[in-house]
Amino acid sequence: MTSALNLFIGLAMGVNLVALASSRLPSIIRAAALQGMVLGLLPLLLEEKFHWLVAVVAVGTVAVKGFVIPGLLRRALRVANIDREMQPLLGFIPSLLIGAGATIGAVALGGALPLRPEHAHSLLVPGAFATVVCGFLLLMGRTKAITQVCGYLILENGIYLFGLLLINTTPLIVEAGILLDLTVAVFVIGIIVDRIQREFDTLDTTKLTSLHE
Amino acid sequence: MNPGWLLCIAATGMVVGMFSAFRAPRLWLLTSLTGAIAALASAIWILKTGARWDWQSSVAIGGEALHLQLDALSAFFLALLAVLGGVGSLYQRGYWTDKTHPRSAPSGRAWWNAMLLNMGFVLLVANGLHFLIAWELFTVCAYFLITRERQHREVRQAGWLYLAASHAGTLCLFAFFAWLAARTGSWELGPMRDRTELAPLFWLALFGFGLKAGMFPLHIWLPSAHANAPSHVSAILSGVAIKMGIYGLVRFSSWMPVPDAAGWTVATLGVVSAVLGVAFALGQHDLKRLLAYHSVENIGIILIGLGFAMVATAHGNAAWGQLALAGGLLHVWNHGLFKALLFLGAGSVLHTTGTREMSRFGGLWRAMPWTASLFTLGAVAISGLPPLNGFVSEWLVFLGLFDAVSARGPAAWTAVPAAVLLGVTGALALACFVKVCGVVFLGLPRSKVAEQAHECGWTMRLPMLVLGAACVAIGLAPVLFWPAIASASSAWQPLWTDSAPPAPMQTLGAFHITIAALAMLAAIGLWLRVKRNGLSRAVTWDCGYAVPTPRMQYTAGSFAGIITGWFSWILKPKRHQHPVKENFPAHASYEEHTPETVLEHVVEPTGSVVMRISTAVRRLQHGRLQAYILYLLIGLAALALLALMGGAK
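Top to bottom, those sequences are chains A and B. In terms of numbering that gives the first Met the number 0, the first sequence has 20 at position 21, counting the first letter as 1, and numbering is strictly consecutive. In terms of numbering that gives the first Met the number 0, the second sequence has 344 at position 345, counting the first letter as 1, and numbering is strictly consecutive.
Treat the hints with caution; some may be incorrect.
[What the hints assert, rightly or not] Partial pick of chain B residues on the chain A-facing surface, computed with a CB cut under 8 angstroms:
1) Gln625
2) Ile628
3) Leu632
4) Ile633
[Stated by the list, open to error] The calculated label-pair distances, taken between Cβ atoms and stated as ranges, are:
5) A:His120 to B:Ala177: 54 to 62 angstroms
6) A:Pro25 to B:Leu643: 27 to 35 angstroms
7) A:Pro93 to B:Tyr630: 30 to 38 angstroms
What the hints contain is simulated information worked out from the structure, not anything from laboratory work. Just so you know, even glycine gets a beta-carbon here, dropped at the ideal spot from N, CA and C.
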């Protein structure tokens with residue numbers, strides 16, 4: 000069971016690097032969607048015996064993160080008619096290097112932390128750290144509003160991985176709540192993106208600095 | 000009628016006055032004067048009987064039950080507030096009229112009453128929280144009174160400086176009262192001398208109250224605020240508002256334990272304020288600014304008295320301490336009276352000439368004999384010359400210092416230099432007021448405005464007469480006022496119950512009456528002689544110039560030049576001159592002004608360093624979302640590190 004789990008988390012960590020390396024908006028949306036779907040399946044692997052509520056959450060997560068949110072983002076992309084090239088603040092190669100460094104660091108940190116024996120050999124904690132750091136890197140290193148949303152999604156995926164550590168103690172309703180929050184947030188950002196585009200003809204967040212006071 | 004009812008009438012008078020200030024100026028004057036008289040009556044009641052009026056209400060403000068009390072110490076300051084509030088109300092009726100200042104006069108009257116009311120509350124409340132509220136309200140009211148003419152940039156700057164400095168002081172008082180409440184478990188104030196662990200709090204009180212009192216070097220706000228306020232406001236600021244700082248120090252040095260060094264520190268600050276205050280005054284050419292620096296000087300004299308009284312209580316309640324305290328307290332009254340008289344006199348001059356620049360005056364005695372005589376009376380009083388009130392209080396302080404020397408205790412070593420420097424202060428003050436009276440009232444008019452000057456009306460003359468009469472009364476019959484001082488000083492230190500006036504006080508009264516009688520005789524003799532021989536006018540000796548003009552008179556700067564030279568190390572006067580070079584000079588000029596040294600060389604450099612640091616920090620707030628996320632991450636990492644290190648411990 001652990002090996003299947005590690006395989007999935009490893010996949011998610013790989014997707015992080017893909018997201019960091021992608022130079023076009025559709026590919027980064029695709030990467031975020033893929034990571035969301037992979038992680039959505041994890042609860043099914045973690046639970047010893049099958050429970051219908053877990054299945055519902057897994058299906059819901061996959062549906063929302065894999066289809067609904069990317070769908071909203073693609074729609075915003077289409078409606079706002081955004082230039083699909085990204086202008087990164089932090090170049091792709093440095094992003095990739097830092098991301099890879101963070102992944103290695105996360106694995107090392109996971110080894111150093113005093114974890115419970117059942118989590119000691121899984122990639123849950125390193126994967127969570129790596130995903131959070133990559134999410135932050137995207138948030139800091141990219142300028143467009145859509146990439147901000149994707150960075151936020153990946154960051155949330157990292158937090159979700161941490162949450163899986165506590166799957167036996169966290170009520171599923173909390174998980175469902177987080178998911179709903181995320182959907183609403185993305186929805187709102189989608190609307191804002193549209194408005195910003197109409198008002199200012201750009202989605203470059205570095206041009207919002209004149210509003211800082 | 001008891002003090003409670005009288006105070007109730009006073010408060011009602013002030014509140015009604017506040018509301019009638021806009022539409023009914025006559026009702027305002029009537030209610031304000033009634034309020035002032037009622038407050039004065041209650042203060043006299045308490046001072047005469049030595050009793051204590053205490054009123055505990057069930058009404059709560061800010062969660063604390065209102066607790067008012069009037070003891071001899073509060074009553075002593077309340078009497079001054081009532082007198083100056085009353086004469087100031089009458090004076091502004093002629094000075095700041097609706098006709099000349101249609102926009103600022105009505106609201107000025109309302110702020111005036113609000114300030115008097117709040118100063119009254121500061122004196123009455125016995126609760127730390129309410130003290131802070133009243134203190135803050137009074138500070139803000141004073142700001143609005145100072146900035147009556149806020150269309151002028153200079154006035155706005157003075158107001159801003161006052162507000163900023165006052166709030167620095169209030170911040171310390173917040174810390175003081177909050178700490179006190181935290182240690183004692185209640186906001187209630189009262190005697191707590193036995194709790195020695197509270198002693199260090201005195202330093203906070205010294206900063207907060209000292210700043211309001213205008214003690215050197217915390218006086219930075221005082222000169223510009225006093226100079227730019229309307230004159231009746233300058234009078235109440237200098238006469239009462241800065242005394243609120245003294246009240247705070249007197250009150251809390253009596254209720255609370257003080258550190259051992261407190262008395263020495265207060266006395267030292269007093270000496271420094273006295274000498275440097277008068278030195279700065281000598282360098283000024285702006286009449287009201289000069290008077291403002293004399294407030295620093297007189298606060299210094301009061302602090303010398305208070306400081307040595309504190310030293311005496313720390314050394315077994317020596318009797319000389321009571322004399323020093325009595326001198327300090329009486330000087331609170333005296334300075335309030337003669338400084339208000341001088342500011343009102345300066346206001347009359349300003350009213351008719353429209354300028355405060357002394358180099359534009361001259362020969363005003365002929366045009367305004369009342370103002371000039373009363374101003375000179377105030378000048379004699381403030382210089383500490385017999386037979387007026389300034390001498391009585393300074394002499395009491397001197398007596399305290401001399402007794403301290405002859406008691407041969409540890410205080411003797413400091414009492415000698417203090418007495419010497421106090422003497423120097425008196426001499427310098429005399430020099431300064433010779434300069435003021437000579438330049439402003441004597442000689443020939445130096446400008447058109449001085450030529451066209453005229454005497455002020457009765458509403459402005461009467462308040463000055465009242466104040467002048469009070470100065471003369473305290474000077475000629477100091478024994479009459481001793482009971483008030485005795486009950487106030489026994490409220491400060493309950494062990495000093497000796498209420499009989501000290502023997503020198505009786506002698507002093509007789510001495511003053513003799514001097515006054517001789518002076519009167521001399522004046523009558525002179526008058527008779529002039530009447531018999533007739534009056535002849537002649538030109539002053541003009542050094543051989545063929546065509547002397549009024550501009551060839553001594554200026555204020557040249558008069559004080561030698562003395563300001565002695566103090567140039569601290570005054571740092573700025574001079575711009577084009578000296579005479581050729582035999583037939585075409586153009587020559589000389590200009591000098593004395594800036595506020597502490598403000599320009601200490602506060603402003605510190606302020607600009609703080610500004611530079613904050614500008615640098617402000618660059619972090621640039622609006623770039625990406626960097627904000629980085630800050631967040633760094634903050635989180637730092638917290639995690641902290642938690643990790645804490646865990647390791």
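Verification of the hints:
Hint status for Gln625 (chain B): holds, given a least beta-carbon distance of 5 angstroms to chain A, under 8 angstroms. Taken as an interface hint, Ile628 (chain B) checks out: its beta carbon lies about 5 angstroms from the nearest beta carbon of chain A, inside 8 angstroms. Among the interface hints, the one on Leu632 (chain B) holds; its C-beta lies about 5 angstroms from the nearest C-beta in chain A, closer than the 8 angstroms criterion. The beta carbon of Ile633 (chain B) comes no nearer than 11 angstroms to any beta carbon in chain A, farther than 8 angstroms, and the hint placing it at the interface is violated.
In this structure, His120 (chain A) and Ala177 (chain B) meet the distance hint of 54 to 62 angstroms, their C-beta atoms being roughly 56 angstroms apart. Distance hint for Pro25 (chain A) and Leu643 (chain B): a CB-CB separation of about 41 angstroms, inconsistent with the stated range 27 to 35 angstroms. For the pair Pro93 (chain A) and Tyr630 (chain B), the supplied restraint of 30 to 38 angstroms is violated, since their beta-carbon distance comes to about 20 angstroms.
Consistency note: the structure conflicts with the earlier hints numbered 4, 6, 7.
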